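J.: Those protein sequences? They're chains A and B, same order as listed. Here the first sequence stands for residues 1 to 258, where the numbers follow the working numbering. Here the second sequence stands for residues 1 to 258, where the numbers follow the working numbering.
These are calculated hints, taken from the structure and not from any lab test. There is no bait here: all hints are sound.
Identical copies carry no separate label here, and so any pair may be met within one copy or between two of them.
Using 25 Å as the maximum straight-line C-alpha spacing, the simulated DSS-like pairs for lysine-lysine come out as follows:
1. 91 / 254
2. 91 / 74
3. 91 / 253
Bear in mind the structure is a predicted one, so any value in this text is a computation, not a measurement.
Residue-level listing of the chains:
There are 2 protein chains.
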Amino acid sequence: MGQSDGRYRGARNHTMTLTIHPIDGVPEARPGDDLGALIGQALEVSGWTPSPEDVVAVTQKLVSKAENRIVHLKDVDPSPESLRIAETSTKDVRLIEVILRESRRVVRHRQDVLITETRHGFVCANAGVDLSNVEGRDVVTLLPLDPDRSASKLADRFGCGVIVTDTFGRPWREGLVDVAIGIARVPALVDLRGTFDRHGYQLRASLLATADALAAVAGLAMGKTEGIPAVLIRGYEWEPSEQTARVLVRDAKKDLFR
Amino acid sequence: MGQSDGRYRGARNHTMTLTIHPIDGVPEARPGDDLGALIGQALEVSGWTPSPEDVVAVTQKLVSKAENRIVHLKDVDPSPESLRIAETSTKDVRLIEVILRESRRVVRHRQDVLITETRHGFVCANAGVDLSNVEGRDVVTLLPLDPDRSASKLADRFGCGVIVTDTFGRPWREGLVDVAIGIARVPALVDLRGTFDRHGYQLRASLLATADALAAVAGLAMGKTEGIPAVLIRGYEWEPSEQTARVLVRDAKKDLFR
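Generate coordinates for the entire structure from the input sequences, incorporating the hints supplied.
T.: Okay, here's the thing in structure tokens:
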């Protein structure tokens with residue numbers, strides 16, 4: 001192969017093999033459901049017992065339903081601001097009203113797109129309010145009030161890391177990816193600044209959003225149509241952390257795009 | 001567990017278990033190296049033979065070095081525009097010059113941050129020009145001229161899907177994640193619009209950036225300091241595609257943040 005010049009270092013056994021197992025058989029959540037029990041039973045059926053090093057990722061949708069973060073649009077009275085936005089929007093004015101109630105402010109608005117900053121600080125389409133995958137077409141889910149707390153409760157139950165995921169768009173790039181909106185035990189960010197690469201060069205900008213990368217692959221394994229709302233991630237090496245998903249929100253003062 | 005009400009569907013065997021294997025033992029690439037040979041030999045040492053369903057993800061840095069996309073700053077003469085930007089920047093004026101040469105235009109500039117649109121259309125910090133992990137502190141790597149072509153050559157060699165990854169920041173969220181800047185065979189985007197979720201609700205916004213999710217988890221498995229420049233992804237189910245990473249670039253006219 002022309003490359004046998006002694007540069008191959010061979011397997012060094014320090015690498016981690018990551019495995020992402022979709023947790024099959026989790027039923028639809030209903031308001032008031034014990035989410036830990038729902039997922040726990042599906043884990044049991046699958047024969048998996050989370051160990052402290054594992055990470056369970058759960059979709060926002062499942063969490064929101066169990067926590068009764070559901071709104072029937074028929075019960076919503078639009079405000080003057082919603083009516084004003086609806087004039088140039090393709091969205092149902094009642095949906096706009098729900099989105100505004102979940103938001104601190106509107107970041108961008110154009111016809112079918114309404115990007116806002118949620119009360120948690122996340123910048124995303126429709127403040128995370130979602131029409132799909134909920135019983136009834138005039139029913140929407142809201143993001144959990146405190147997704148970190150939702151994650152924390154599950155982490156206490158399973159004794160492992162937990163991430164609550166949602167599917168966000170991005171500026172400049174097409175397509176959606178899952179990100180972490182709630183985190184417990186597992187780090188949100190891993191800071192490599194001050195460490196050195198193999199040439200001794202300091203890695204200045206390497207603050208890695210590891211929880212978002214875990215969320216992204218969880219989303220991939222979940223698919224969208226199959227209704228797999230949770231996955232078990234094994235083999236990711238991490239140090240327990242007190243970080244919440246709030247540390248993933250860039251401070252507005254530092255942000256060049258708000 | 002209080003939830004045994006017949007809602008559990010049990011394992012349905014339609015789920016995929018994803019496995020991400022770091023490919024250890026890939027040496028530093030040197031200009032003119034046969035990248036396929038470098039990675040191929042490391043795969044061989046590891047005992048892995050990619051099958052057509054596998055995806056190999058490779059860092060931009062490894063590709064760029066093999067393709068001699070390297071610039072010595074001592075050879076760079078700054079233009080008036082670079083000198084102007086340098087007045088309010090913490091960056092080396094020669095680095096600014098290299099960044100501008102790689103860019104179509106500057107998207108944002110503030111002190112230590114220079115976000116541009118690359119000739120490929122990617123919007124990222126420093127046009128993807130990178131100081132770290134290259135021999136010598138006054139040496140920088142540029143993005144591959146045509147990362148899709150780089151991916152394609154590797155895909156032909158290994159007979160599997162290939163993604164070239166780079167580590168990008170994001171507006172609104174702290175931390176970096178890896179994204180796909182070059183793609184061969186494996187889809188960039190999976191379009192679920194027009195499909196229906198399990199309540200029969202049409203998934204309107206579900207255009208998933210699956211290649212970016214694969215890149216994100218590849219980045220997680222590679223780490224940053226360990227010098228693992230390639231991973232083998234098994235168990236991801238995909239249909240062969242002609243899409244390139246260019247389809248991940250949102251058209252400037254549709255973009256609300258340029």
